[in-house]
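Residue strings, one per chain:
Protein chains: 4
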Amino acid sequence: MIVVMKTAATKEHVDAIIDRVEAIGCKTHIIVGAERTVIGVIGDGRAIDQRQLSRMIGVETIVPISKPYKGASREFKPEDTHIQVGDIVIGGKDLVVMAGPCSIEGRTALLEVAHAVKEAGAHILRGGAYKPRSSPYSFQGLGEEGLRYLAEAREATGMPVITEVMDPALVPLVCEYADILQIGARNMQNYALLNAVGKSGFPVLLKRSFSGTIEEWLMSAEYILSHGNNNVMLCERGIRANETETRNTFDINAIPVIKNLSHLPIIADPSHATGKWEYVGAGAKAAVAAGADGVILEVHPHPEDAWSDGRQSLKPEKFARLVEQMRAVAVAVERDIPSTRVPAGLNGHNVSTLPPAF
Amino acid sequence: MIVVMKTAATKEHVDAIIDRVEAIGCKTHIIVGAERTVIGVIGDGRAIDQRQLSRMIGVETIVPISKPYKGASREFKPEDTHIQVGDIVIGGKDLVVMAGPCSIEGRTALLEVAHAVKEAGAHILRGGAYKPRSSPYSFQGLGEEGLRYLAEAREATGMPVITEVMDPALVPLVCEYADILQIGARNMQNYALLNAVGKSGFPVLLKRSFSGTIEEWLMSAEYILSHGNNNVMLCERGIRANETETRNTFDINAIPVIKNLSHLPIIADPSHATGKWEYVGAGAKAAVAAGADGVILEVHPHPEDAWSDGRQSLKPEKFARLVEQMRAVAVAVERDIPSTRVPAGLNGHNVSTLPPAF
Amino acid sequence: MIVVMKTAATKEHVDAIIDRVEAIGCKTHIIVGAERTVIGVIGDGRAIDQRQLSRMIGVETIVPISKPYKGASREFKPEDTHIQVGDIVIGGKDLVVMAGPCSIEGRTALLEVAHAVKEAGAHILRGGAYKPRSSPYSFQGLGEEGLRYLAEAREATGMPVITEVMDPALVPLVCEYADILQIGARNMQNYALLNAVGKSGFPVLLKRSFSGTIEEWLMSAEYILSHGNNNVMLCERGIRANETETRNTFDINAIPVIKNLSHLPIIADPSHATGKWEYVGAGAKAAVAAGADGVILEVHPHPEDAWSDGRQSLKPEKFARLVEQMRAVAVAVERDIPSTRVPAGLNGHNVSTLPPAF
Amino acid sequence: MIVVMKTAATKEHVDAIIDRVEAIGCKTHIIVGAERTVIGVIGDGRAIDQRQLSRMIGVETIVPISKPYKGASREFKPEDTHIQVGDIVIGGKDLVVMAGPCSIEGRTALLEVAHAVKEAGAHILRGGAYKPRSSPYSFQGLGEEGLRYLAEAREATGMPVITEVMDPALVPLVCEYADILQIGARNMQNYALLNAVGKSGFPVLLKRSFSGTIEEWLMSAEYILSHGNNNVMLCERGIRANETETRNTFDINAIPVIKNLSHLPIIADPSHATGKWEYVGAGAKAAVAAGADGVILEVHPHPEDAWSDGRQSLKPEKFARLVEQMRAVAVAVERDIPSTRVPAGLNGHNVSTLPPAF
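Just so you know, the sequences run in chain order A, B, C and D.
The numbers in this note's numbering rise by one with no breaks, and the one at position 251 of the first sequence is 251.
The numbers in this note's numbering rise by one with no breaks, and the one at position 87 of the second sequence is 87.
The numbers in this note's numbering rise by one with no breaks, and the one at position 139 of the third sequence is 139.
The numbers in this note's numbering rise by one with no breaks, and the one at position 107 of the fourth sequence is 107.
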């Protein structure tokens, strides 16, 4: 931590800072510049409340040097985290494709789309049983009934399932049915919920909030990790900027930034990041090219009848074609999207002769 | 709702929309323009999922005409909502001043600051027992112990108390101690929590989220109102924009906009909206001038020792002077901030001839 | 300037930085921390390109310590700048009110509104002869014809006039007619234009750009000041954030921040900062309460017929009432808005015993 | 255009709107809804000032239906625009790579980098002679001397050159040396400059401003097109959002959105869009995958010595590798980046045996 003093700060002001910092067990180092004095604080600055110190007389500003996150940082764990979900490994060379409807609308409809996305190349089935809706008058999801259909679709297709949980009290229930817990953008800093999913030990997909910085996002991951749950994957789903042609602004930069700062896998959600099905394909291919470890996509057989987010859902045929296109891009950047059409081995770019790892 | 068709849309596309809309019980009205056809939908557009309809072939975009909120709208309830908290009425001619520390740090400290802010002119005591911190390693609040101190400070000073609740499961506990429940910015769209405080019937101060629009904020209020809890006050606490000199960007426009669109009281939080104590006074006076129904301010006797947010806390002397300045501005805009120093005991928000008092 | 090294940086990396920095004539000071080494650079960091240095191997980031602006900084000129325009002083205890139509629409119309705003309490007449319009098909202003009408209105009313200039080549022409040159938000970083108005020596009102930071804004002022033209006033006119109920987001914080960081006067433009006439009054009063040195307002006798920005223009009666309200707020914060109705003729900004007058 | 009336609007208010609109020669169509009346305006709404109409009594809001741009719209010109620059076609199946230093620093340095980028696969040389710098104290470019070096580099390498122009008065001079004129982000709405480059007839690369919407960007293109200059390419260079890990937020969505709304070519600038060389590669590959018609990249042999923007410049070796990677991605999305290593044909993915099309 660096404490930058005002030009008008006196020696007494500087001494007061030194006393305060040393009282916490840190050492100080003074640099007297032409205009200002700067105090370097040596030791674990995390012990010091930065905003508190910045209030002391004569202080212009505080510059943190250490990252506020440790568990999520690549500096402390250089190798990539791999998350095992059934036979699937997330965060390795192979990319994962998660797909399914925004909301679970019924048993038959879910089974239909589950088979369709499996056939089209998805590895994991997504579907919302509890839906965060900005209006209390909108459809809020089928709840546990939806979870049961989801579990049934898993049985029928062999695909692990991911679904959102919004209430800490419901985490145990959702864990009975789901393979991956999704934390939505609105709940990125819902700490009661982060603690609950942290304690569950279940794999978590943590979406970035509408205006969350990457540092805040990693700090929210840190909440989950702090419970010893290392199965955290991050999900970029678009942030808010001035643009109105798209529902959100897809921060494609977040993908290489996360790969640089953290060892956690990064998944892209081009459906929400664009909000319009006609732009989803471009976003998905861009995410793969930028280094994402997977994508999560909304697919619906009849988007114009979808109970939520039909505007951004792909039809299964379009999704199938997009998987092929994403695979071509993945190969171009020296990764792969394993085929789900086992036992083929026909997947020409697969260098392995082993049974499909997915 | 207006459905704008693409220039290339055919009669069949238009007819499909009409069929769909009329099936829901709405009527349609077609306008054939030079370049496009536009379909007016007559009836309660809230019954129709806008994003779903926008997916139909030939549709360029959907323009909602009705507001998505009803209970919070001034169109449906023209007169201002007044919220009674003890002897205090929030939302009337008189402004309310809420003040106290960011975090409750201990029994003695809280009592000290409670007496100080009462003496300086506050009507309601604020203090956090459960603190939303971006780092899991930061102080998270004293929890129920803090709530007990808060209740004791209420006894000692006669001031009602406001405190944040973050976990739906803790709402009943917090209601045992608090007079007003605060929903923090990070939880503006935590629907499980909104439902829980809605059901509680307790007065709620709902903070706007970091990048929440005014419409989303009113929709979150609608969640609480939908449980029959009409005691909702909104709190503008700064939003995110590009500026970095201040912690947040104080959207002063939100004050007259809320007064125009809604009947709910609007409170300003200049401490968070600026993030630096030296700018808090300007923000507080501006809020009063713009028409806020009250302000909530962080006050700490020793901000440089505060366990959180000392950077933006006022010392009691500064706070006392600010209350005087705010009162002068309130009077200039034909409102008032009742003094807390008079023995009155009478609710001063009516145009009585008694000495000013709350 | 502080150079923060990566945790993995070697002694060689550190030495290379030292060599580079010392070659420019600065001194260095090394702090070896628990995780990282930090290099303090002593001397005028402005001589070093921060982004260049940040590219050297082993560097994590660079933290500037000195402000990049000097001429605009209050650290280098503690006392407020006063700008004299005719008999009016901008930046003193008295606030200035500038008002008039968005666009100059004709001779008669301008004279009508000029007399109306003077009567209602304006000190300076605004009016656009060159209009920056987002569409090439919109009315672009009357050009020099408009300037002539403006000069005529000045003769008729005695008010100095302010008007926008957009093309460096037109600065000399505009200077023939105007008293203050306005730089619009779109041109805040149009350096050719800033240089041209800097050289002119004329008073300049520099609007903040749509997403410009306060630092960038002060740097743009620095361009003008660097030509020896000290007559720069800054104008906050709203920035872009997520909110759509208002045309822009009025960054009220900018007012105390500018007063703190700079000695230059700060003017508020609530017409653009809100974009809707019904919110202009609240914004104007808030600006005065927050410490602005003046306001600039759009006034039009028949806003529904205005050729541009009628949505945000006040009618003269509303404007007259607003001036009274702003004056009450100004007095409440121990400043004043001198009346234009007194015959005084004396410059009322000094603490004279004469009746208030500009 | 749709005029939405307030719930409280009377028949007189509606009639006044009808009179106004019909006076301009448009027809109206009234829809009386449950809560509100809506007036459809048939005819060219561009003739009506939307903000003016919105001021009329009883109007809630105005919804434009027609796009404000015509010349830039794909609705009016469905086929892609191809821009010929020397032997190169921009906007066709083949992607274009523009590369070079941020600033031209001297004759020898420019020739060195020009040969290096040509060898590495660039088709067009970029280099700044006039530099927009936020500080008046920073290096502002070599001016005409730089332009001469640029022209010399073109002679030496055969590559066309692109360079920024900032002052309308300098457009003729820059046209003497350059093949493509670049309008920087700060000048996207500098209408005097847009008019000047529009009149020049020269190809223009128009960068998006820091917070410009796509619609505003297309409107700025419309300024250039309105002079009959159809050689406009758009350049996405990152916008401002909350994220601070990167210099800007790369709005990758803008690429498919522009391809959908407009026929103009879209170029990506990952150097500015990320601001850090380590993220440039991911951004460049993502842009190609998303459908960009080309990329513009900063390349410098010794970035740590660059006079500007060294932080985001690639070394020639890294750039060469990136061109190969981008080409692989281009092929994966069924496009191509033609090799500049004529007459090789060694470019394995090139299905043609013809001489290089570029």
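Just so you know, the hints here were simulated from the structure itself, not pulled from any lab data.
In this text, a Cβ means the ideal position worked out from N, Cα and C, and glycines have one as well.
Don't take each hint at face value.
Stated by the list, open to error - Mimicking DSS-like on lysine-lysine, the simulated pairs with C-alpha atoms at most 25 Å apart in a straight line are: (1) Lys77(D) / Lys199(D); (2) Lys70(B) / Lys11(B); (3) Lys315(D) / Lys11(B); (4) Lys276(A) / Lys315(B); (5) Lys315(D) / Lys11(C); (6) Lys70(D) / Lys6(B); (7) Lys27(D) / Lys6(D); (8) Lys27(A) / Lys27(C).
Said to hold, decoys possible - Chain B residues, not near chain C, derived (Cβ > 12 Å throughout): (9) Lys11; (10) Val14; (11) Arg20; (12) Val32; (13) Arg148; (14) Arg154; (15) Tyr177; (16) Arg247; (17) Thr274; (18) Ala287; (19) Gln325.
Claimed, not checked - Under 7 Å between C-beta atoms, here's a sample of chain B residues computed to sit facing chain C: (20) Asn242; (21) Asn253; (22) Pro256; (23) Gly291.
Verification of the hints:
For the suggested pair Lys77(D) and Lys199(D), the alpha carbons sit about 21 Å apart, so the restraint of at most 25 Å is met. At roughly 35 Å between alpha-carbon atoms, Lys70(B) and Lys11(B) are farther apart than 25 Å, so this suggested pair is violated. Our distance criterion of 25 Å between C-alpha atoms is broken by Lys315(D) and Lys11(B), whose separation comes to about 57 Å. Distance check on the hinted pair: Lys276(A) and Lys315(B) sit about 51 Å apart at the alpha-carbon level, beyond 25 Å; violated.
Distance restraint check for Lys315(D) and Lys11(C): the Cα-Cα separation of roughly 24 Å lies within the 25 Å cut-off, and the hinted pair is therefore satisfied. Proximity of Lys70(D) to Lys6(B) is assessed by CA-CA distance (about 15 Å); at most 25 Å being required, the pair is judged to hold. For the proposed pair Lys27(D) and Lys6(D), the alpha carbon gap of about 21 Å is at most 25 Å, so the pair holds. With a CA separation close to 22 Å, the supplied pair Lys27(A) and Lys27(C) stays within the 25 Å bound.
At roughly 31 Å, the least C-beta separation between Lys11(B) and chain C is larger than 12 Å, which holds for a residue marked as non-interface. Even its closest Cβ contact with chain C, about 29 Å, leaves Val14(B) beyond 12 Å, as expected for a residue assigned away from the interface. Annotated as non-interface, Arg20(B) keeps its C-beta farther than 12 Å from every C-beta of chain C; the closest such distance is 28 Å. Every C-beta of chain C lies more than 12 Å from that of Val32(B), the closest at about 24 Å, which supports listing it as non-interface.
Arg148(B), annotated as away from the interface, keeps every beta carbon of chain C farther than 12 Å; the closest lies near 37 Å. For Arg154(B), the shortest C-beta to C-beta distance to chain C comes to about 31 Å, beyond the 12 Å cut-off, and the non-interface label holds. With a cut of 12 Å on Cβ distances, Tyr177(B) stays outside the contact zone with chain C, its closest approach being about 34 Å. At the 12 Å boundary, the C-beta of Arg247(B) falls inside the reach of chain C, the nearest C-beta of that chain being 9 Å off.
At roughly 5 Å from the closest C-beta of chain C, the C-beta of Thr274(B) falls inside 12 Å, breaking its exclusion from the interface. The claim that Ala287(B) is not at the interface with chain C is violated, since a C-beta of that chain comes within 12 Å of its own (minimum 7 Å). Consistency note on Gln325(B): stated as away from chain C, yet its beta-carbon is not over 12 Å from all of that chain's, at 7 Å minimum. The beta carbon of Asn242(B) comes within 5 Å of a beta carbon in chain C, closer than 7 Å, and the hint placing it at the interface holds.
With a cut of 7 Å, the hint placing Asn253(B) at the interface with chain C holds, because the nearest CB-to-CB distance is about 5 Å. Here the hint on Pro256(B) is kept, as its CB sits about 4 Å from the closest CB of chain C, short of 7 Å. For Gly291(B), the suggested interface contact is upheld, since its CB lies about 5 Å from the closest CB of chain C, less than 7 Å.
Hints 2, 3, 4, 16, 17, 18 and 19 from the earlier list are contradicted by this structure; the remaining hints agree with it.
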